[in-house]
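Engineer: Sequence:
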Amino acid sequence: MNENDIARTLGQRLQTLANAPAIYWDNQDVPETQARPYLVVQMVPGQSPARISGGRVHVGFMQTTVVSDVGQFATYANETAANIAALFPYELTLPCGDGKLTITSDTQPGPGFRDGSDWRKIVQADFFAT
Numbered sequence: 011m012n013e014n015d016i017a018r019t020l021g022q023r024l025q026t027l028a029n030a031p032a033i034y035w036d037n038q039d040v041p042e043t044q045a046r047p048y049l050v051v052q053m054v055p056g057q058s059p060a061r062i063s064g065g066r067v068h069v070g071f072m073q074t075t076v077v078s079d080v081g082q083f084a085t086y087a088n089e090t091a092a093n094i095a096a097l098f099p100y101e102l103t104l105p106c107g108d109g110k111l112t113i114t115s116d117t118q119p120g121p122g123f124r125d126g127s128d129w130r131k132i133v134q135a136d137f138f139a140t
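Convert by adding 10 to the 1-based position in the sequence shown; the result is the number in the working numbering.
Worth flagging that the hints you see were computed from the coordinates, not collected in a lab.
Since this is a predicted model, take the numbers as computed values, not measurements.
The beta carbon of each residue, even a glycine, is placed where N, CA and C say it ideally should be.
Misleading hints may appear alongside valid ones.
[Unchecked claim] Estimated spans, in silico, between C-beta atoms of each pair: (1) A45 to T114: 13 to 23 Å; (2) E101 to E42: 37 to 47 Å; (3) Q82 to T103: 34 to 44 Å; (4) Q38 to G122: 18 to 28 Å; (5) T85 to G126: 12 to 22 Å; (6) A28 to Q57: 29 to 39 Å.
Construct all of the structure, not just a fragment, from the sequences and the given hints.
Structural biologist: Okay, here's the thing in structure tokens:
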């Protein structure tokens, strides 16, 4: 298993989100013409992979940011963030490459914040993959 397997596993799960807006992955630029709302996803690896009992262990988190317009109620961002969090419940275990990936904490939306003309709400899904 490697980082590509992890990104593929989490990304495929995220893409099951009902009524999902456009999703931009960590290696994509968001076009200036992109209307809001949309999602920005970044895979954040933890420390270098370790070996436990002869196997490789990967830790990290997937950060998904809901980007919506400022000046409107935050309802859309809040609801979408909650729906994303629901896709990654604590102890969810998914097949990943030649191993498995487990969500290691209760995935909850973080606080929203203003970023220029955008309203952003972040959801962090922590994982452990072996």
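Engineer: Taking the hints in turn, state whether each one holds.
Structural biologist: Evaluated hints:
| no. | hint | result |
| --- | --- | --- |
| 1 | A45 to T114: 13 to 23 Å | violated, 35 Å |
| 2 | E101 to E42: 37 to 47 Å | holds, 40 Å |
| 3 | Q82 to T103: 34 to 44 Å | holds, 37 Å |
| 4 | Q38 to G122: 18 to 28 Å | holds, 23 Å |
| 5 | T85 to G126: 12 to 22 Å | holds, 20 Å |
| 6 | A28 to Q57: 29 to 39 Å | holds, 35 Å |
The structure does not agree with numbered hint 1 stated previously, though it agrees with all others.
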